[in-house]
Amino acid sequence: MTQTVQDTNQNLVELSTFLVGDALCGMDILKIQEINKLIDMTSVPQAPSYVLGILNLRGQIITSIDLSQKLGLGKTDLSLDPRNIIVNSKSEHIGLLVKKISDVVQADKNKFEPPPSNMGGIQGEFFTGVYKTEDKLIGILDVEKVLRLEET
Amino acid sequence: MQIEDDEILQGFIEESLEHLADIENDLLEIEENGADINEDLVNKVFRAAHSIKGGAGFMGLTVIQDLSHVTENVLGLIRSGKLIPTPEIINVLLQASDKLNTMIEDVSNSNEYDIEEHLIPLNAIFNGEALQPQTDSAPVEETPETVEEIVEEVPIEAVPAPEPAVEKEPEVMVPTPVPEPPPQAAAPAPPPKKAAPPAVKKAAAKVKVDTSIRVHVSLLDSLMTLAGELVLSRNQLLQTIASDDVRNAESVGQRIDLITSELQEAIMLTRMQPIGNVFGKFPRVVRDLSSKLKKDIDLIIVGKDVELDKTIIESINDPLTHLVRNSVDHGIELPADRVKAGKLAKGTVTLKAYHAAGQVVIEITDDGKGLDGEYLGEAAVDKGLMTAEQVAAMSDKEKVNLILLPGFSTAKEVTDVSGRGVGMDVVKTNLDQLGGQVDLISEVGVGTTISIKLPLTLAIIPCQIIMTGGERYAIPQVNLEELLRIPASQVKNRVERVGNAEVVRLRGNLLPLIRLSDVLNIDRTYYDTEEDDFKKDRRERISDRRGKDTLLTTDGEVDIQTQDESTAEPSGARSIEDRRYTASSALNIVVVSNGSLKYGLIVDKLQDSEEIVIKPLGKHLQACKGYAGATIMGDGRIALILDVANLAVMAELTSMDGTDRASEVAQAAEELVKSQKDKQALLTFRSSETEQFAVPLNQVERIEKIKRSDIEELGGKRVMQYRGGSISLLAIDDVATVQPIADHDDLLVIIFNIANQIVGLLAIGPIDALEISMSIDDTTLKQNGIMGSTIIDGQTTMLVDIFEVVGTLFPEWFEDQEIYEVEDDNGKTPVILIAEDSNFFRNQVKNYMTESGYDVIEGEDGAIAWELLQEHADDVTIVVTDIEMPNMNGFELTETIRRDPRFSSIPIIALTTLAGEEDVAKGKAVGVDEYHIKLDKEKLMASVHHYVKQLY
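Here the protein sequences come in this chain order: Y and B. Residue numbers for the first sequence follow this note's numbering, so the first one is 1 and each next one is one higher. Residue numbers for the second sequence follow this note's numbering, so the first one is 153 and each next one is one higher.
Heads up, a few of these hints could be off.
[Unchecked claim] On the chain B side, residues computed to face chain Y include the following (Cβ under 8 Å):
1) Leu672
2) Asn673
3) Ile766
4) Lys767
5) Ala782
6) Ile790
7) Leu792
Calculated directly from the structure, the hints in this document are not laboratory data. Note that CB positions come from ideal geometry on N, CA and C, so glycine has one too.
Next comes chain Y alone, as it looks inside the complex:
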């Protein structure tokens, strides 16, 4: 009995979900350092188009990335009060700009399904799988892949 409880505990993850364009995406909540409002950003000329700029987070300089553009879903409308998800990747903080933050969902890792085969192209490679809840489908985002630099 105890064994099973532990098992389920190990497999349970809390997914923080958010809207990128119209797509509902999720990522392990433990990878998120914090979520904040869009703050004053300094644009960086000549940066890749998906980089919105850099911002000052309590003395740290953070690159802010428009997740929607990175996933090839068009630009995020900055007037609709988007949010920055601050994640820590390879000893660097990076802000991912998303349209809207949604619920935190408890999910069972065992129930993750591979991404549908027709979800190809740019988007497909950034998702590790999908998770079905009662009424919606969450795309599980592979943050490291999103943040990896394209080889040139």
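Given chain Y's structure and the hints, the job is docking chain B onto it.
Relative to chain Y, chain B alone:
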């Protein structure tokens, strides 16, 4: 084996592991490139191996040293192109580096390791025994004579080794050759596998290096106290905010400000470490080395306590080791040779650290044989690093500094200690990264001094803040030469196009211009001073419609502009219909330099200079080469720090030499200099509202803004307090019949230094500094205090003779000078020959001379002056000549005079309006004794008196 100093050993291990981590990846890349050798990469691996060898040698880790030595040998062959890196060779090298890694990790037992299995194949490769049977033409055979150093040590035999060296297949871990080679295919297999995880490995290695730091307890205590105070202040602040007490908030703010800066200082101190930590290991290095080389050397260390940032201390270690080893190995001679040269048998190497001008200077001095510039120049040519012409054009000092080129070594043979030509290269590369500079001074037979200048810390640097496109950017002060603002009215004259390049004339030189917004590819904007806002700029080119070479510059337009400028009052009455004619269209140029490269960066707005903290940019922005990092400004926003060198590269302004564009620019510069004949820099101002005056800019000390109430009238004289004393104030109407000084509340005081006295001339705005070629009318408006008039921007402007003004009001100031001026011992009046084409200047100079009691002969150009000089050969005492003259210019005249033995010692004083450095040098070369700026009466007369005195 005993290792005395744990810290040094630890340092060696960390450093070597870091090197090895890099070596592996680099070797793989070298292999990929195959015959297409990337020199930089091979150099890097080579240097890494060299550093490990050096460190190991010093630690007494002989096995590590041996292995890295043979590795280095092979790499040397690859570097010189004698060996094409095949997978087999790389495999052997990789295994050797693996072994090195193992040994270094287990450093205390490293001397027990058996490295025979690596030595044999490595030596075989080095000796030219073909490792791979398929290569029939062993690359080692080609032209061995160019690699003298290596050849001397190990003569490469042209006979290919009969034994196929496949037996030393890397998979085989047995030292003795195995007759049956394992399948060939196995050999190239491993590298691709390894190629995948290099990034991860590298990161891991870096993490390992993170170490602790030792801080004195007292410093920690003070940090604690400061932190405590900060907490208290925070409480106070919160309380103040809660109670809405504005007055108190101010004092709390001040308190926090104070504590923060103290805290910052204290924390910076924890990063500071005495350089003794690095110096400490050198006594042993020198002792061991000198006994090995059979030399007798004393090491003197000065300035152990000088403190530097931890990061700098760590990175300075490698370069310093190389330098000290070099001094010991190459610098100091063998005792017998020293005695022969009349020196003490015992050589001295001095290591010295001290502070100078906000930087730390480290000097390594030896009293050895010194560097022979000529020899170094020849060596550079032999090695193909330089062409003979390049070397011929170099100064001795430059030749000595050739030693810093990669691949340069003067040692006649490769020793275990140094002589592969990597050492100095490592030094230069490492120091460049730190923002340091290396400089060599050497005298043959006396010794060499290498001085290194380092910044105190890398964390905080002073920067100039600028704005472009509404964003702020920081330019490091080290790159900053000067700030230049070209008023709208002068843009058309000073900014020109040469080909497709925009250039600005700056003191006779042409400076290439780059628009920051263009380099960064952002919308061009300009700063509207009236509306305090940035607006889109529609102009394509700066010189558009106003440049000299554009057809659109119609006379009408110029007229509108001049009118506009001259009638404009500071009150803002100017027309703002077209912003090109307003102050907004002034150009703000930041003149920056990086090494020999110098250019002007056009920005929208200049702001303050600030001390900033550099923060790195995230990896997604690494591809943006134009930035060195970012910083957080006082308001919490971020400013990017510009990388001056890379901006130039991005703007394709790589070097001013050798490009077509450069030659165009050079040509244009020459033409400009020609057309710049008799340009005079003037300061224009007004005394009354309607009359414009000008004085030569070089006579002006500075300009002060004052209020009318600052003027005190005492004893019938106007005075003003200035820098702790009182100075006399004059107005032009005191002397000349002009309108009285305007009744403004805000006045300007132009400060002059005349006859060693400071005086202020009262004036009102608008003031402007400009450079014009003057055609001066010295009759119409000539009167006491006014030397003549000229037309500037359509306005008649009176030129003020400040000497005359002061002389009239305070004749006593000049009395001292008058006395020593008249000096004619043998009853003969000294005769001055003046060569000058402009009537105005000739008369001015003539007046100066005659006032002082000299006789004057005048010539209108060089040729006439030369004839006059021959006529009056016995009378002329001094020749005063202009530079730019028709028929025969000042340089030619000087040359002609100097060629004649009769006049070889006659003093020649040249007068110029722009004393460009090249001009001065050129003048000195042809025999000009002194240079003076036209209308600088005092200096000119002083030097005339000086020469007259000498002659009588």
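key: List of violated hint numbers, smallest to largest   = 3
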